[in-house]
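Model the full assembly from the supplied sequences, consistent with the hints where possible.
In order, the protein sequences belong to chains A and B. Heads up: the first sequence begins at 5 in my numbering, then just goes up one per residue. Heads up: the second sequence begins at 5 in my numbering, then just goes up one per residue.
Hints should not be assumed to be uniformly reliable.
[As the list claims (entries may be wrong)] Simulated crosslink set (SDA-like; lysine to any residue; CA at most 25 Å straight-line): (1) B:Lys-115 x A:Val-100; (2) A:Lys-136 x B:Tyr-121; (3) B:Lys-57 x B:Gly-47; (4) B:Lys-57 x A:Leu-61; (5) B:Lys-103 x B:Val-91.
Read the hints as simulated data drawn from the structure, not as lab findings.
Protein chains: 2
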Amino acid sequence: MAFQLHPRLQQDSIELGQFNLSRLLLCNDSRYPWFILVPQRPGITEAFQLSEKDQQLLQQESSLLAKTLAHYYQADKMNIAAIGNIVPQLHIHHIVRYKNDIAWPAPVWGKYEAIPYSKAQQQNVMDQIKEKLVNYLR
Amino acid sequence: MAFQLHPRLQQDSIELGQFNLSRLLLCNDSRYPWFILVPQRPGITEAFQLSEKDQQLLQQESSLLAKTLAHYYQADKMNIAAIGNIVPQLHIHHIVRYKNDIAWPAPVWGKYEAIPYSKAQQQNVMDQIKEKLVNYLR
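Okay, here's the thing in structure tokens:
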């Protein structure tokens, strides 16, 4: 069974590239800089189902992404979460939070509707983040 | 600077024991089996601030805890999250979710009020989980 991105993730996000293990997605919601890592292994819903080696890779990729985003966006806080109640395919949210964002201090899920990026905004975010991660992304 | 548990975590949870790195807490909310890992390092708000070795330990302790809880409670889904918008001290939620729990499929935060355990219920949960993790907890 080959890995295939869940249709709902495909619909709600834009692919930025691939780390060794995970696909990096930009959530199409301009309210927050919101990125998602999806380990490219079929049939996985929980991180503990990955091999030990893959778990370690995921931890390293998550740490690199979170650190890069926190510094680049000057985050007040990073929110990092594997929820998956609606989309069971393992995916880890990495969300840059600010004390003056629309949902603060609540978590972002279920708070108002997403506001999609314009094409220009989207390209801008993609270019910036890809540049920061150029040594790690395929 | 020595590690001290944030007063809000102390207030809202019960200590179960300590892994090599993290303190294991039971959230005093009987609506969900809800556990929290707190790496016992001072001044840390994001996982990427930990040393590489500690990040790896945290990943291993989180994986062990999530797997143990998922199996013991026959979870429909584990929700694992580092939010910290209110309590900045790094702490990682591990929440057992069921398709018929009160908040499903939404995340649990901000959904209704916590329902504290009775003393007997609390002791019961603590005894069960400590037994499952007896080889790993101090």
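Of all the hints given earlier, name the ones this structure violates by number, lowest first.
2 and 5
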